[in-house]
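From just these sequences and the hints, can you work out the full model?
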Amino acid sequence: MSSSTTQKAGNYFTSMLIIGVLFFIFGFVTWLNGTLIPFLKLACELKTDTQAFFVTSAFYMAYFFLAIPSSGILQRTGFKNGMALGLLVMAVGSLIFIPAANARSFTLFLTGLFVQGAGLSLLQTASNPYISIIGPIESAAQRISFMGICNKIAGALSPLILGAIVLKNASKLEADVVAAQDELQKAALLDELAQRVIMPYAVMAVILVILALWIRRSALPDIDMDGEEVTDAKSASKTSVFQYPHLLLGALCIFTYVGAEVMAGDVIGTYGKNLGFSLDQAKYFTSFTLIAMLAGYIIGIIAIPKYISQESSLKYAAILGVVFTVAAFLTKGQTSVTFIALLGLANAPMWPAIFPLGINGLGKFTKIGSAIMIMGIAGGAIIPLIYGELSKSMGFQMAFMVTMLPCYLYVLYFAMRGHRAG
4 MSSSTTQKAG NYFTSMLIIG VLFFIFGFVT WLNGTLIPFL KLACELKTDT
54 QAFFVTSAFY MAYFFLAIPS SGILQRTGFK NGMALGLLVM AVGSLIFIPA
104 ANARSFTLFL TGLFVQGAGL SLLQTASNPY ISIIGPIESA AQRISFMGIC
154 NKIAGALSPL ILGAIVLKNA SKLEADVVAA QDELQKAALL DELAQRVIMP
204 YAVMAVILVI LALWIRRSAL PDIDMDGEEV TDAKSASKTS VFQYPHLLLG
254 ALCIFTYVGA EVMAGDVIGT YGKNLGFSLD QAKYFTSFTL IAMLAGYIIG
304 IIAIPKYISQ ESSLKYAAIL GVVFTVAAFL TKGQTSVTFI ALLGLANAPM
354 WPAIFPLGIN GLGKFTKIGS AIMIMGIAGG AIIPLIYGEL SKSMGFQMAF
404 MVTMLPCYLY VLYFAMRGHR AG
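For the sequence shown, position 413 (counting from the first letter as 1) is numbered 416 according to the working numbering, and the numbering increases by one without interruption.
Since the hints were derived computationally from the structure, they do not count as laboratory data. Accuracy of the hints is not assured; some may be wrong.
To be verified - Okay, derived cross-link-like pairs now, DMTMM-like style, lysine to aspartate or glutamate, Cα gap no bigger than 20 Å in a straight line:
1) Lys276 with Glu48
2) Lys175 with Glu195
3) Lys395 with Glu48
Structure representation (structure tokens):
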């Protein structure tokens, strides 16, 4: 093996390692929301589930507002510096949780979540096209599946860790708050609960700063996507990213997919409580969904593209999503919760397939195209709120099905026809 080949292989391994660490961070921070929803509903005395779902709205709306500015930042900083900056922004968001807990202010908590989402937007805008383009586009879904394993291992761990800290003996505390004789006693109990979040988020901020410094000094190579050659004369003649219909349809597909993923992962705890499970039980339900997603990513790594194309995997995953959604509606208790957790298995192949299909063939528009795709993550902000409002009038199980089915049906359309548009 020549020295240049060895160097290239070394750079590839280094890049995969660093991006793998980043995807672990994505998963750990993102899937804390499933625990924060019941935690903040109790600590901040929120009256409805819809109010609590603003946890996901504040977090995911940051992607909508920050994705295109993130693309501009990356133009100036390059990938490596941009990733380090994203980690530092996330650290700032974590630190905001300290005054938020001291004041027991829901608005401040939402501000911290929005800032965290802003940092993640920068990281996602850089890392997703990076992992897609670092090797052949045909195997991009496989590489993203490797990243997904890092993401979902962290996602399965984070609600277990945070839930054990901030929601310890949650059912008893909930009962004590209800039974409190006066407002001062009640406030003291809730203040003690809110303080539990300070230590984990302070530790997280320190770790994020250390990772930012590590990436800043790493040998992570930059990729000049502006110089990527287009593949045909038709692409060469295009002057705007909006001339690629498959990109815009892909961004909408990300919107519906992320909305469905957040419903299966973050809303499952609230769904379980509505079925009669205690908070001590429901606080761990997010981990069940993430374990199912982890299994789905492992299947994807084995099967894509050797046995099945990324387009076909997306199609079958969407069909599975429809089946599990209907099954959750038709069943009760633990069985219904299990079908929602199994939606993680259906969701796992979606991001690895949708993202490379959406940015395929964009050439010099890859960075801005990636930013537009990342904007679609706002589906995680909007779709749970739609569910929360619908559940008031039609019941939580019917509302869940009515909210989820259109999402999976659109993913099915994109898999079969939408990715070829234009």
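Hint check:
no.	hint	in the structure
1	Lys276 with Glu48	holds, 17 Å
2	Lys175 with Glu195	holds, 14 Å
3	Lys395 with Glu48	holds, 19 Å
Of the numbered hints given earlier, the model fails none.
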